[in-house]
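Peer 1: The residues making up each chain are set out below.
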Amino acid sequence: AQSVTQLGSHVSVSEGALVLLRCNYSSSVPPYLFWYVQYPNQGLQLLLKYTSAATLVKGINGFEAEFKKSETSFHLTKPSAHMSDAAEYFCAVRGGGGATNKLIFGTGTLLAVQP
Amino acid sequence: DSGVTQTPKHLITATGQRVTLRCSPRSGDLSVYWYQQSLDQGLQFLIQYYNGEERAKGNILERFSAQQFPDLHSELNLSSLELGDSALYFCASSVEPTSGTGELFFGEGSRLTVL
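Respectively, the protein sequence lines represent chains U and W. Position 65 (the first sequence) corresponds to 1159 in this note's numbering; numbering is contiguous. Position 87 (the second sequence) corresponds to 195 in this note's numbering; numbering is contiguous.
I should point out that these hints are in silico values taken from the structure, not numbers from a laboratory. Careful: at least some of the hints might be erroneous.
Unchecked claim - If you anchor each label on the Cβ, the simulated ranges turn out as follows: (1) U/S1120 / W/T113: 28 to 38 Å; (2) W/G150 / U/G1156: 20 to 30 Å; (3) W/G124 / U/G1156: 20 to 30 Å; (4) U/S1178 / W/A122: 16 to 26 Å; (5) U/K1163 / W/I168: 27 to 37 Å; (6) W/E183 / U/E1165: 38 to 48 Å; (7) W/T121 / U/N1135: 48 to 58 Å; (8) W/I120 / U/S1120: 31 to 41 Å.
For clarity, every value in this text was computed on a predicted model and none was experimentally measured. Beta carbons: idealized from backbone N, C-alpha and C, even for Gly.
Turn these sequences into a full structure, and let the hints guide you.
Peer 2: In structure tokens, the structure reads:
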């Protein structure tokens, strides 16, 4: 069965510092992987997705993620944090085989950005 | 704006009561997914409908039921409510695996408070 594990439920960085949010996956088939962001009192918004086309995936708001099969990882990075990046970030893997697009989410990482 | 509409945004009710949450998917999307987000359980997949038929089932309680209507909107019915059912309920929609890369588009959620 597919699953994702997010390391670190809370991450705090200074404005302008590197953002690194960790995600490891488990999948019996080549995975489709996603990062979503949730701002306070809002729904989930797609940041980026990996669908086997390229291992380095660029998303919105300056975020990117690299798929590393050897490490079963899909970590999210941003070179320079901005105050507006403060939110909760969820890693997800498509689960259930070909008949469904249901996503299985990690437990989330709450990113705080300090001035 | 994801194009997915959920109503109501907030709902307060008492234990033992029944509520109905409504979701309208993005134009053209045939699949609707329901998720529950709570502090202790995180984001849990409940159920998926595709073009009116149940496609996948997750951790949905027997007190909960859902359906998708011919116009593709969906309703999630929660009955015999308990305090622990207080959560944010998200609806998401997507194209199907054979015609898309699997991303889900989320509504802004319905926040249910059971007193």
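Peer 1: If I claimed the Cβ atoms of W/G124 and U/G1156 lie 20 to 30 Å apart, would that claim hold in this structure?
Peer 2: violated (48 Å)
Peer 1: Does the hinted range 31 to 41 Å hold for W/I120 and U/S1120 at CB?
Peer 2: holds (39 Å)
Peer 1: Check the following: the C-beta atoms of U/S1120 and W/T113 are separated by a distance inside 28 to 38 Å.
Peer 2: Once the Cβ atoms are compared, 34 Å apart, the range 28 to 38 Å for W/T113 and U/S1120 holds.
Peer 1: Given a hint of 48 to 58 Å, does the C-beta separation of W/T121 and U/N1135 actually sit inside it?
Peer 2: violated (20 Å)
Peer 1: Go ahead and decide if the range 16 to 26 Å is satisfied by the Cβ distance of U/S1178 to W/A122.
Peer 2: violated (39 Å)
Peer 1: CB of W/E183 to CB of U/E1165, is that within 38 to 48 Å?
Peer 2: holds (42 Å)
Peer 1: Could you tell me whether the CB distance from W/G150 to U/G1156 stays inside 20 to 30 Å?
Peer 2: holds (26 Å)
Peer 1: U/K1163 and W/I168, beta-carbon distance inside 27 to 37 Å?
Peer 2: holds (33 Å)
In summary, the numbered hints that this structure violates are 3, 4 and 7.
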